[in-house]
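Student: The chain contents come next:
Number of protein chains: 2
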Amino acid sequence: MNVRAGIVVTGTEVLSGRVADQNGPWVARSLLESGVDVAHITICGDRPADLTAQLRFLAGQQVDLIVTTGGLGPTADDLTVATVAEFCGRALHLDPELESDIAAIIARWQRRRGDTRTDTPALRAGIRKQAQVPEGAQPIPPTGTAPGMAVPARRAQSGSVGTPAVLVLPGPPRELQAMWPAAMSSRPVLDALSARTEHRQEIIRAYGLSEADLAETLRTAEAGVTGFDSLEITTCLRGGELEMVTRFPSDTAPAYAQLTTLIAEHHGQQIFSTDGSTIDDHVVERLGGRQIATAESCTGGLIGARLTDRPGSSAYVVGGVISYANEAKTDVLGVPAEMIAEHGAVSEQVAAAMAEGAAARLAADVAVSTTGIAGPGGGSELKPIGTVCFGVAIAGRPTVTVTRRFPGDRTTVRALSTTAAMHLVADLLGNEES
Amino acid sequence: MNVRAGIVVTGTEVLSGRVADQNGPWVARSLLESGVDVAHITICGDRPADLTAQLRFLAGQQVDLIVTTGGLGPTADDLTVATVAEFCGRALHLDPELESDIAAIIARWQRRRGDTRTDTPALRAGIRKQAQVPEGAQPIPPTGTAPGMAVPARRAQSGSVGTPAVLVLPGPPRELQAMWPAAMSSRPVLDALSARTEHRQEIIRAYGLSEADLAETLRTAEAGVTGFDSLEITTCLRGGELEMVTRFPSDTAPAYAQLTTLIAEHHGQQIFSTDGSTIDDHVVERLGGRQIATAESCTGGLIGARLTDRPGSSAYVVGGVISYANEAKTDVLGVPAEMIAEHGAVSEQVAAAMAEGAAARLAADVAVSTTGIAGPGGGSELKPIGTVCFGVAIAGRPTVTVTRRFPGDRTTVRALSTTAAMHLVADLLGNEES
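Going line by line, the protein sequences match chains A and B.
Counting from 267, one number per residue, gives the positions in the first sequence under this note's numbering.
Counting from 267, one number per residue, gives the positions in the second sequence under this note's numbering.
Quick caveat, the hints were computed from the structure, so don't treat them as lab data.
One thing to keep in mind: the hints can contain errors.
Since the list gives no way to pick one copy over another, a pair counts as held whenever it fits inside one copy or between any two copies.
[To be verified] Keeping only pairs whose Cα atoms sit at most 25 Å apart, straight-line, the calculated SDA-like set for lysine to any residue is:
#1 Lys649 x Ile606
#2 Lys649 x Ala530
#3 Lys649 x Arg378
#4 Lys649 x Ala348
#5 Lys649 x Arg440
#6 Lys649 x Arg374
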């Protein structure tokens with residue numbers, strides 16, 4: 267049987283929808299990778315009664331582990347540790363070692379900032395609060411100033427209900443993520459996870475494949491693949507890419523292998539990744555040291571931002587031109603004004619000239635261009651909103667152009683165009699010499 | 267007393283952290299704007315037992331309204347309506363009118379696609395499933411194919427527990443959002459909300475203000491502002507901007523006015539918005555019809571993408587140059603190679619030359635540049651990772667340069683740099699003739 271976990275995200279700013287929570291999804295993914303089933307995620311504000319209600323709910327759902335995020339600060343409204351301690355029926359006590367560790371961290375920070383108020387009563391009270399540990403819990407060393415807490419499970423006994431293991435972690439995502447390995451190897455968490463069975467997770471990514479067509483193949487697989495029931499499959503469409511994630515017990519790997527063979531038979535053309543790699547990985551790999559440049563109109567910099575998002579991208583990204591206005595297309599990229607007048611700015615001719623112009627202007631080996639109508643204005647019957655022309659210039663080869671029509675609003679069209687540009691570049695670089 | 271609501275987000279792809287949920291935050295914000303308190307958000311997978319457990323939990327928490335999102339598709343694994351109906355103790359029946367409405371929508375779609383399979387058994391079964399309505403519930407007309415359901419609350423009676431009103435909405439964010447007005451004015455929802463008191467929500471945005479300093483001012487306000495307790499204040503730091511959101515009953519507006527006066531006294535320099543406007547709004551407004559261009563190195567297109575994110579931005583964005591490599595800086599923007607050799611690519615001299623080059627090259631009235639070290643490589647003792655130089659060239663004025671040092675990883679440094687550039691442009695445009 268699998269170990270089940272629940273995640274409790276705390277914070278009024280998350281509950282009220284003003285901040286997108288990063289911790290719930292990150293912890294869920296990390297737990298799944300460790301072979302733990304996530305049964306529920308709950309989000310609550312800074313009211314202790316609501317937090318207690320959620321902890322009770324999860325315990326009632328028989329989870330083996332609860333992970334909480336947030337509410338570990340030095341001020342009085344950060345109440346997670348106290349609330350969890352009460353829920354687990356464990357008194358809080360001051361851990362002097364932890365207290366001096368936190369004090370040392372803060373003193374180091376203040377010295378660096380040249381701050382001289384190193385030992386005020388308010389500061390001391392805050393440190394003392396953060397160094398409170400529930401009885402029997404194991405503190406997780408802080409990466410910011412807030413330590414985490416791993417509280418052991420307690421079996422139900424006559425006269426008292428049991429509680430699952432509770433792992434208490436801070437809210438800032440970088441602190442939480444840095445503390446995760448230590449948290450997962452703490453005694454209380456290891457004990458809670460000891461029952462888990464080994465699981466694997468594999469990802470298949472496709473582009474230009476509809477969910478309905480994949481669903482049809484999965485129905486075929488259901489009938490033909492031995493052990494299909496042991497595969498836990500989720501599909502998800504994102505930015506035009508269809509992602510199929512499969513979780514399965516390690517000993518049913520043959521069923522997954524059968525499934526992938528079937529999918530490859532039906533949709534081999536659309537599948538671009540079976541090993542977790544992304545289209546961004548493919549672009550970099552297939553560039554093979556060549557330099558790339560961009561010429562963007564409707565995407566306005568999104569392709570450049572995506573290419574330079576990767577550490578080390580300065581090795582192969584020369585740069586680009588955001589040629590939003592027609593003058594920018596003619597003046598900087600050398601697109602003939604007559605060409606724009608004759609074919610329109612949104613045309614394959616202009617897309618080709620933009621890509622060639624960027625390659626020449628920036629001395630790049632490869633250049634990709636976009637020119638389109640993202641909306642909400644600017645559409646016409648012949649070129650409705652969502653129409654986007656792409657150009658790819660690769661040194662020594664004829665320039666390739668493509669026109670696509672994307673559904674959705676301005677943000678969607680721009681996002682789909684960016685992904686389409688990445689696929690176009692990857693495909694053309696992958697087809698060389700073939 | 268305020269009306270309390272709970273939100274249930276369904277979907278294995280959300281629970282497993284592969285897709286960031288948009289519906290929970292959006293529904294939470296919308297409910298808050300309507301004066302409804304959001305007590306809990308819960309996320310569950312596609313298992314009916316887990317959904318039932320969450321509905322029971324929320325009912326036990328005495329919420330007046332539950333909003334569910336997702337699980338309304340035509341296939342067998344979409345089980346929200348059936349699960350909600352069972353939870354509310356209401357039988358499902360087929361609504362023939364709804365059935366023919368959905369059939370008409372699908373037929374229209376298929377005609378547009380030239381699809382001839384208009385009436386297969388599978389299709390008919392799917393439509394029939396989506397047209398099932400819990401007894402006494404009010405269907406919300408679909409914007410996609412899935413109708414929503416507004417199920418009335420039921421008072422606890424002898425022998426049966428009560429259930430809150432349940433509003434069932436589809437998962438695709440655009441469908442859900444388009445259906446929201448009709449859903450909120452449905453009879454079951456109006457009845458559930460009839461007890462609410464009128465609330466207002468105001469936002470103050472500051473840049474360069476720390477949470478600690480604002481907290482100190484709030485402590486002062488607590489002592490001095492009459493009616494401070496009625497103000498529900500949340501602060502949140504995002505991309506270097508500190509946002510303070512305050513909710514309060516309409517009749518305690520004087521307390522909020524007192525608070526804003528106090529905050530303006532202490533932090534007037536840092537506050538840039540008290541009316542909900544963003545820094546992006548300010549940039550556009552202060553441009554006043556002038557044309558802007560960008561010259562980006564470390565931000566790699568993020569500023570261009572942000573400027574062109576707004577509908578209608580082609581009226582004032584000429585374009586930009588992503589000058590990632592030094593050659594792009596010299597060849598396209600005309601930054602002297604000797605200047606780069608002497609001062610380094612990350613220097614105020616180069617930032618100024620980039621901005622001036624972009625303004626000249628793209629014939630823009632205003633240009634903003636970034637050149638910095640986003641990491642993880644490239645840092646030095648003199649110019650550590652996070653060092654970013656900015657330049658702003660405005661026609662008829664001397665070019666302004668600034669150097670900042672940002673904390674965090676590559677993504678954080680790039681995001682903070684983008685926001686800093688927007689503030690720099692807005693501030694300089696706002697200071698004209700003053």
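Student: Are the hints correct? Go through all of them and say.
Tutor: Hints, one by one, checked against the model:
1. Lys649 x Ile606: Close inside one copy (15 Å), not across copies (44 Å); limit 25 Å.
2. Lys649 x Ala530: Classified as neither: same-chain Cα gap 35 Å, cross-chain 50 Å, threshold 25 Å.
3. Lys649 x Arg378: Answer is between; shortest inter-copy Cα gap is 17 Å, intra-copy 58 Å.
4. Lys649 x Ala348: neither (61 Å within a copy, 43 Å between copies)
5. Lys649 x Arg440: Answer is between; shortest inter-copy Cα gap is 23 Å, intra-copy 45 Å.
6. Lys649 x Arg374: between (61 Å within a copy, 22 Å between copies)
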